[in-house]
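Trainee: Since chain E is already given, all that's left is putting chain R on it; use the hints.
The listed protein sequences derive, respectively, from chains E and R.
Sequential numbering of the first sequence, starting at 29, is according to the numbering used here.
Sequential numbering of the second sequence, starting at 29, is according to the numbering used here.
Calculated directly from the structure, the hints in this document are not laboratory data.
Don't be surprised by glycine CBs; every beta carbon is placed ideally from N, CA and C.
Be a bit skeptical, because a hint or two may be false.
As the list claims (entries may be wrong) - If we take Cβ atoms under 7 Å as the criterion, some of the chain R residues that face chain E in the derived model are:
#1 Ala53
#2 His153
#3 Ala155
#4 Ala165
#5 Cys169
#6 Gln173
#7 Asp177
#8 Gln181
Protein chains: 2
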Amino acid sequence: MHHFEELSAEFAGRFAQDHFPQTPASLYNPNRYFLQLGGKRVRPVLCLMGNELFDDISKDAWNVAIAIELFHNFTLIHDDIMDHAPLRRGMQTVHEKFGTSTALLSGDVMLVAAYDYLNKVGPRHHATIIHLFNKTAREVCEGQQLDMDFEKQEVVGVNDYLDMISLKTSVLLASSLKMGAVLGGALERNQNLLYEFGRKLGLAFQVQDDYLDAFGDPEIFGKQVGGDIKSNKKTFLWIHALDAANPEQKAALLELAASNNPSKVENILSIYRACKADEWAMELKERFLNEAFAHLEDIAVLSKRKEPLKQLAQYLVQREK
Amino acid sequence: MHHFEELSAEFAGRFAQDHFPQTPASLYNPNRYFLQLGGKRVRPVLCLMGNELFDDISKDAWNVAIAIELFHNFTLIHDDIMDHAPLRRGMQTVHEKFGTSTALLSGDVMLVAAYDYLNKVGPRHHATIIHLFNKTAREVCEGQQLDMDFEKQEVVGVNDYLDMISLKTSVLLASSLKMGAVLGGALERNQNLLYEFGRKLGLAFQVQDDYLDAFGDPEIFGKQVGGDIKSNKKTFLWIHALDAANPEQKAALLELAASNNPSKVENILSIYRACKADEWAMELKERFLNEAFAHLEDIAVLSKRKEPLKQLAQYLVQREK
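Bound-form chain E, shown alone (with noise of 0.2 Å):
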């Protein structure tokens, strides 16, 4: 069995061939510039991990994970298009630095590419594999849909909100755990478990992302909180606060969102605090991480196997940047 880290720098070896042409430059470079930005690499470690967790890793699952890499890649070049947002681990991001039609298009043929992996898999889980990784691709264009959408309502209900973040972010983590539980030759039952586990463990990675925006250590988080705030993003924080508070807080709320107030983010985390929006994330975040868990205590493999898994969900939830 092997750790999220010893797992993680072998990919980051193998990922870092060419995945590429060397032509057109004009097209491919863009790609080459944003994955050398790097990253956690968490999902494919995530597929490797559930691959490890019935079978010795394969050929297949190191190539199903450079694919689900390369796809999460793909959705954040978009992504970033879509969020017009300048930055992404402190650099350019791809359509800043090339123009939006080359980031749209380098996105695409990086979607290609994923595909180009997948179909290296051998003919026994090959249409398998390609038919979760398509139903997986479909629900994170929906999740992404899902945040435009409420991003154009005044009020979302904490349950659609939940739906949003399963889609944009839980399926992705719970499916590449789910493709290397198959190309270990995992039960059904025991696939369907280890996917419930990444999608809970999913929502309390997302809990912890909304937390760290808002009330993360400035010192440690290597990024200004209140982002979320200041763009009025809907987020976990910001649904509860507004269902929590009294009349008074939620016109306060409402009219600090609407408003350039240079004490915006400080006056809103106040309300936050004052409604106790940071317990209630903490133990939202728990009660996730324990329904995660549950799922994966119930996995018929020996509880030895599991130990890097929970190890993993631990940091990734407790993470403090």
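Mentor: Here is chain R on its own, set in the frame of chain E:
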């Protein structure tokens, strides 16, 4: 053997099924809107004809034909974003009607839907078809990028332009035919001859496209002629004219291109005529068509099986709109 009209009508019937989930409608309705704008469905029919050249049309060929048409529409949606095109087939483009972000995402999910149909192909040809499809998809993106690169170059050589058109337009026609041939059990030599037939046909098709935009009969063409000239698009005619013009004509062409002169179209057309760019284009088209037919001739099947392809090729390069 079936002719274009029969196959096109049968394809239209099968393609009319719903390819997307119901929700979120904000993501999938733009795709439904775009697909019902219609089109000649040439590429899927080429796949069916490539298939029928060697055997009865198979279920796999129908699925691949659908995948090809979805892919083609994905490229149109994204190209329209990049080209800032307001209209497609006389109707609003997806980004005009639903916004750029949704158009981007709807396009993405259309590409994923194409892979869903490819994934239905039986195990015998599964990996081969996806491999060929991926190669083609990558090349189409390369062609679009080169086209955008050329917009920023003052001079484009005719060979570079041919390479670009081959990627942007021809390879999809060629590979649609080849995928059909693969599924029909064609030997590799025949597959490749059919591919080359399609590639050369695509070049002839593009020459005709460029020609019609400049010299088409406005009554039949259905849209204003001179659109390429107005938007300073590099076309076969433009590249040839710059090459064949005397210094005075060349200076006039470049000056007109940079201007908003109300007689721009008229004046450039008269230089095209003076350089005999119209005659040159018709000869070039004939040359590509003859090369295409020579490849078709070489394919080792009874010549009567080739009739529908010959007729379709003639129609595509002689169409007046």
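Trainee: None of the hints should be skipped; say for each whether it holds.
Mentor: Now the hints, each set against the structure:
no.	hint	verdict
1	Ala53	violated, 10 Å
2	His153	violated, 11 Å
3	Ala155	holds, 6 Å
4	Ala165	holds, 5 Å
5	Cys169	holds, 4 Å
6	Gln173	holds, 4 Å
7	Asp177	holds, 5 Å
8	Gln181	violated, 11 Å
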